[in-house]
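K.L.:
Okay, here's what each chain looks like letter by letter:
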Amino acid sequence: MASLQEYNKKLRSFKNTLKITKTMKMVSASKLRKAQQNQLGTKAYADKIRELIVRLAGSVDENAHPLLRKNEDAKKALVLVFTSDKGLCGGFNNYAIKYVEKWLAAEGASYDQVDLGCCGRRGFNYFNARYENVKEFEDVTRNPSVAAAKSIADGAMEQFLSGAYDEVFVAYNEFHSPLSQTPTIKKLLPVDPVSNREEAEKAASEEEKADDTEYIFEPSKSDLLEILFPQVVEFSVFSTLLENSAGEHGARMTAMDNATNNSKSLIESYTLLRNRARQAAITTELTEIISGAEAL
Amino acid sequence: MSSFNFMILTPTGPLFEGEVESLVVEATDGKLGVLAHHAPMVASLASGDICIKQSGEEKTFAADAGLLEVGSDGSVMILATAVS
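Same order as they appear, the protein sequences are chains A and B.
Numbering follows the numbering used here, in which position 279 of the first sequence is assigned residue number 279; successive positions increment by one, without gaps.
Numbering follows the numbering used here, in which position 68 of the second sequence is assigned residue number 1068; successive positions increment by one, without gaps.
If you are wondering where the hints come from, they were derived from the structure by calculation, not from laboratory data.
In silico lysine-lysine, DSSO-like type, Cα no more than 30 angstroms apart, as pairs:
hint, chain 1, residue 1, chain 2, residue 2
1, A, Lys19, A, Lys31
2, A, Lys102, A, Lys186
3, A, Lys221, A, Lys187
4, A, Lys48, B, Lys1031
5, A, Lys187, A, Lys102
6, A, Lys264, A, Lys15
7, A, Lys10, A, Lys86
8, A, Lys43, B, Lys1053
9, B, Lys1059, A, Lys43
10, B, Lys1053, A, Lys48
11, B, Lys1031, A, Lys221
12, A, Lys86, A, Lys264
13, B, Lys1059, A, Lys48
14, A, Lys43, A, Lys86
15, A, Lys86, A, Lys25
16, A, Lys186, A, Lys135
17, A, Lys98, A, Lys86
18, A, Lys98, A, Lys186
All values derive from a computational prediction rather than experimental measurement.
Throw the hints in and build the complete structure from the sequences for me.
P.N.:
Written out as structure tokens, the structure reads:
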């Protein structure tokens, strides 16, 4: 059995850990609230942009815009991996990284070349040590900003349009709740006209019933779409950044909550052990005193 | 003077919402003014100033390129990536 002092030392360090994890949990909770508010703020914009695409896209040809251009045999792909800059958030980053690795082994094999672009230091540190040609977008995940999203999206679009890549994917953790995030990979480029189209047609038929007003388009529809598509790509990168940040804080909050509970139960059991050790020490001392007195 | 509902939406959230009497924006084809009861329209905007007149007072926003939509109910909405 360890001595009383050793138990006391352990307990002190548990209590310090508890303080840290508790604080981190509260900080993450408030950051999560902020991230979720930001997500809500984007909703109006997202809805409106979708509505505009629906209104415009009815007449769009699949080859109308270079961002829609599909390559039948795509050879070069770029995967943008979104992780956090900091750890201590449970399996949040690990799940995303493992998912991407699995995807690279399964789907990535059909490409000649798959390059990675990492947003977030955790993912970059991991992939840079194991793969070649890993790019890093620094300092974009902590405070998701439109400007950062724009620079990432513009870079990706430029490389897509110049033919450096045939397809661009985003890999990130989908945010369901603070307790659950699931890693996913989605295609960013080319903009998928089919899924958009189905959605568009469905919404358009609903809309036609609601209003059949003639719109003035200034400039023409196709010119407007040309302006709209890059914005859609930028915006989807931005919302990915937001979702990643909400997920990070949610995961950290859950992880720190678990850590707090664990250290609480450790403190409880170690307090019992400490008390037992103290009582044992007292008993030994008493026995010594009594036997000493008897000897006189 | 009759007024209409006007809204500026950015990816980070709505920036302005209210009844305004007139609106002048920098469209890609030149300056564009909107008064109440404008016909439904979608127009693209170049980066420039958005000038609005609200109860006689003029206000100006600087905006990045975006889109302007006049809805069938006469309300006007601007979608822009960055507005200040």
